[in-house]
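Q: Could you build the full structure based on these sequences and the hints that come with them?
2 protein chains.
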Amino acid sequence: MPHAFLLHLTSPLCGEGGAHPRPPRYPGLYAHGLFFSLLTKIDPGLAAAVHAAPRKPFTLAVLEPSRPSGRGEVVLRITILEDGLFAPLLRVLLRESLDGLALGDHLHGLVRVVATPQGSPLAGRHTWEELAAAPPSRGLRLRFHTPTVFATSKPGRRARYTPLPDPFLIAKSLLSSWQHHSPLRFPEVEAAALQSVFELDLELARFANLRFERAQAAKGFFPGFTGAVEVRCHSDSLEVQRALGILQAYAFYAGVGAKTAYGLGFTTPY
Amino acid sequence: MPHAFLLHLTSPLCGEGGAHPRPPRYPGLYAHGLFFSLLTKIDPGLAAAVHAAPRKPFTLAVLEPSRPSGRGEVVLRITILEDGLFAPLLRVLLRESLDGLALGDHLHGLVRVVATPQGSPLAGRHTWEELAAAPPSRGLRLRFHTPTVFATSKPGRRARYTPLPDPFLIAKSLLSSWQHHSPLRFPEVEAAALQSVFELDLELARFANLRFERAQAAKGFFPGFTGAVEVRCHSDSLEVQRALGILQAYAFYAGVGAKTAYGLGFTTPY
Numbered sequence: 001m002p003h004a005f006l007l008h009l010t011s012p013l014c015g016e017g018g019a020h021p022r023p024p025r026y027p028g029l030y031a032h033g034l035f036f037s038l039l040t041k042i043d044p045g046l047a048a049a050v051h052a053a054p055r056k057p058f059t060l061a062v063l064e065p066s067r068p069s070g071r072g073e074v075v076l077r078i079t080i081l082e083d084g085l086f087a088p089l090l091r092v093l094l095r096e097s098l099d100g101l102a103l104g105d106h107l108h109g110l111v112r113v114v115a116t117p118q119g120s121p122l123a124g125r126h127t128w129e130e131l132a133a134a135p136p137s138r139g140l141r142l143r144f145h146t147p148t149v150f151a152t153s154k155p156g157r158r159a160r161y162t163p164l165p166d167p168f169l170i171a172k173s174l175l176s177s178w179q180h181h182s183p184l185r186f187p188e189v190e191a192a193a194l195q196s197v198f199e200l201d202l203e204l205a206r207f208a209n210l211r212f213e214r215a216q217a218a219k220g221f222f223p224g225f226t227g228a229v230e231v232r233c234h235s236d237s238l239e240v241q242r243a244l245g246i247l248q249a250y251a252f253y254a255g256v257g258a259k260t261a262y263g264l265g266f267t268t269p270y
Numbered sequence: 001m002p003h004a005f006l007l008h009l010t011s012p013l014c015g016e017g018g019a020h021p022r023p024p025r026y027p028g029l030y031a032h033g034l035f036f037s038l039l040t041k042i043d044p045g046l047a048a049a050v051h052a053a054p055r056k057p058f059t060l061a062v063l064e065p066s067r068p069s070g071r072g073e074v075v076l077r078i079t080i081l082e083d084g085l086f087a088p089l090l091r092v093l094l095r096e097s098l099d100g101l102a103l104g105d106h107l108h109g110l111v112r113v114v115a116t117p118q119g120s121p122l123a124g125r126h127t128w129e130e131l132a133a134a135p136p137s138r139g140l141r142l143r144f145h146t147p148t149v150f151a152t153s154k155p156g157r158r159a160r161y162t163p164l165p166d167p168f169l170i171a172k173s174l175l176s177s178w179q180h181h182s183p184l185r186f187p188e189v190e191a192a193a194l195q196s197v198f199e200l201d202l203e204l205a206r207f208a209n210l211r212f213e214r215a216q217a218a219k220g221f222f223p224g225f226t227g228a229v230e231v232r233c234h235s236d237s238l239e240v241q242r243a244l245g246i247l248q249a250y251a252f253y254a255g256v257g258a259k260t261a262y263g264l265g266f267t268t269p270y
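Which chain is which? The protein sequence lines are U and H, in order. Each residue of the first sequence is one higher than the last, beginning at 1 in my numbering. Each residue of the second sequence is one higher than the last, beginning at 1 in my numbering.
Among the hints, a few may not be true.
Copies of the same chain look alike in the list, so a pair counts if it fits in one copy or across any two.
Said to hold, decoys possible - With a Cα cut of at most 35 Å, we get these calculated DSBU-like pairs of lysine-lysine: (1) K41 - K56; (2) K154 - K41; (3) K41 - K219; (4) K154 - K219; (5) K154 - K172; (6) K172 - K219; (7) K219 - K56.
Derived by calculation from the structure, the hints in this document are not laboratory data.
A: Shown next as structure tokens:
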């Protein structure tokens with residue numbers, strides 16, 4: 001069951017009148033390190049297995065606090081795409097006195113965990129069955145909150161990136177993640193047919209507030225875009241519309257594009 | 001020799017204290033009609049031939065006047081991509097008392113023709129030889145002033161449009177126009193090789209002020225983007241860099257994408 005939750009962290013100088021560290025310089029990279037130190041507290045073997053997985057079963061994003069408290073607060077959004085991961089992680093978070101969480105060079109304390117939509121519209125959970133029963137849609141309406149980019153490498157070992165909301169690349173990214181993580185994945189033949197329809201029949205209907213931003217993730221800098229995007233599908237197939245409805249809902253947990261485990265591609269449907 | 005020039009038009013109520021018509025509602029469409037009425041004055045046979053041509057040897061754009069005079073002024077930018085067209089057109093423009101130019105429902109008078117870069121940075125001319133000798137470039141730096149869109153139709157008579165600054169589509173559009181209009185076109189084999197390099201080695205390096213806008217052109221509305229875009233080419237081939245330099249300079253005259261004869265895709269290098 002995919003989960004999304006928020007960790008509110010503050011720097012240890014809070015309340016002592018001291019200076020607060022500046023916002024983290026490489027937030028995605030630091031958050032990635034923090035996430036793995038939490039995983040290691042749960043189960044070092046699990047942490048190693050997740051670290052080695054080519055497709056990470058989680059996403060991370062560092063958010064601006066909605067009401068800046070001036071207390072050096074940082075909000076981490078974590079989504080979990082694999083069923084076994086959430087319960088033990090939350091148990092550690094709620095049980096342990098977590099004061100020494102390293103976010104880059106600075107230690108932070110965990111002051112709040114928000115795991116429900118009542119606590120934040122960016123948190124919540126759905127069963128795979130609920131996602132698979134999402135209402136059909138004639139398109140996708142997505143807001144990209146952190147820089148989003150597609151790895152579009154070419155033959156001859158050419159590493160290429162596409163920092164544009166290409167409708168086909170958006171849908172292909174979501175479908176591919178669904179196929180990898182969901183126990184209710186589409187049969188291979190149907191997935192291939194869907195991808196072919198996406199290539200032929202998706203069209204960008206509108207975008208707004210599209211910005212270019214270079215972001216640090218893993219060991220490099222990546223070009224990316226943020227903004228709101230509407231994609232329309234010309235197909236009248238109900239199967240296709242069902243799939244788009246699922247992918248639209250799933251985007252809340254999966255994010256879109258490359259390096260979603262390092263803070264990129266944090267996406268919400270609208 | 002490609003030319004770019006500006007026609008400054010004002011509505012006939014100027015100076016009479018009367019009300020001025022609002023800015024044209026379908027500027028690209030109206031400008032297209034005006035251009036053909038001028039062509040018809042020169043040579044009805046030529047007008048018919050140009051009208052029937054699948055690739056129009058001109059582009060049009062309706063500009064905002066840089067210093068709004070409050071006199072109902074409209075500025076048309078016209079570029080001419082075929083050598084035989086400019087001289088007779090300019091002769092008519094300079095000779096005739098052009099008071100009854102219909103821009104949509106409203107008659108306009110021609111108050112000024114600007115054909116040199118001294119008169120406006122948006123006007124000028126280059127010989128094909130000068131364009132072909134443009135300095136080599138490792139990419140493209142283009143500003144899209146009017147909504148720009150690519151016709152990316154798909155098999156099965158699917159009319160599809162891409163309103164995004166896709167680096168490959170930008171370069172392919174410019175190359176295809178150069179091959180069609182320039183007497184110094186690349187040999188077919190070289191053009192095919194260039195297109196293949198563009199597909200593999202171009203990457204979007206940056207964009208700024210990217211906006212979505214639906215624009216009227218010809219008989220329909222089209223989605224489009226405006227903004228500034230930098231494309232980088234990973235190839236070290238000097239031939240490729242020479243071609244990019246040529247296309248960068250040629251963009252000033254050719255524009256980019258679909259419906260450039262109806263006001264879309266007006267582009268300047270920077």
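Q: Work down the list of hints and note, for each, if the structure agrees.
A: Okay, the hints, checked on the actual structure:
In this homomeric assembly, K41 and K56 come within 35 Å of each other (Cα to Cα) only inside a single copy, at 18 Å, whereas the closest approach across copies is 68 Å. Proximity of K154 to K41 under the C-alpha cut-off of 35 Å is found in neither arrangement, the shortest distances being 40 Å within a copy and 52 Å between copies. In this homomeric assembly, K41 and K219 come within 35 Å of each other (Cα to Cα) only inside a single copy, at 24 Å, whereas the closest approach across copies is 64 Å. Taking the shortest alpha-carbon separations for K154 and K219, only the intra-copy value of 21 Å comes in at or below 35 Å, while the best inter-copy value is 38 Å.
Both within a single protomer and between protomers do K154 and K172 lie at most 35 Å apart by alpha-carbon distance, with minima of 17 Å and 17 Å respectively. Both within a single protomer and between protomers do K172 and K219 lie at most 35 Å apart by alpha-carbon distance, with minima of 25 Å and 33 Å respectively. Taking the shortest alpha-carbon separations for K219 and K56, only the intra-copy value of 16 Å comes in at or below 35 Å, while the best inter-copy value is 48 Å.
Violation of the numbered hints given earlier is confined to hint 2; every other hint is satisfied by the structure.
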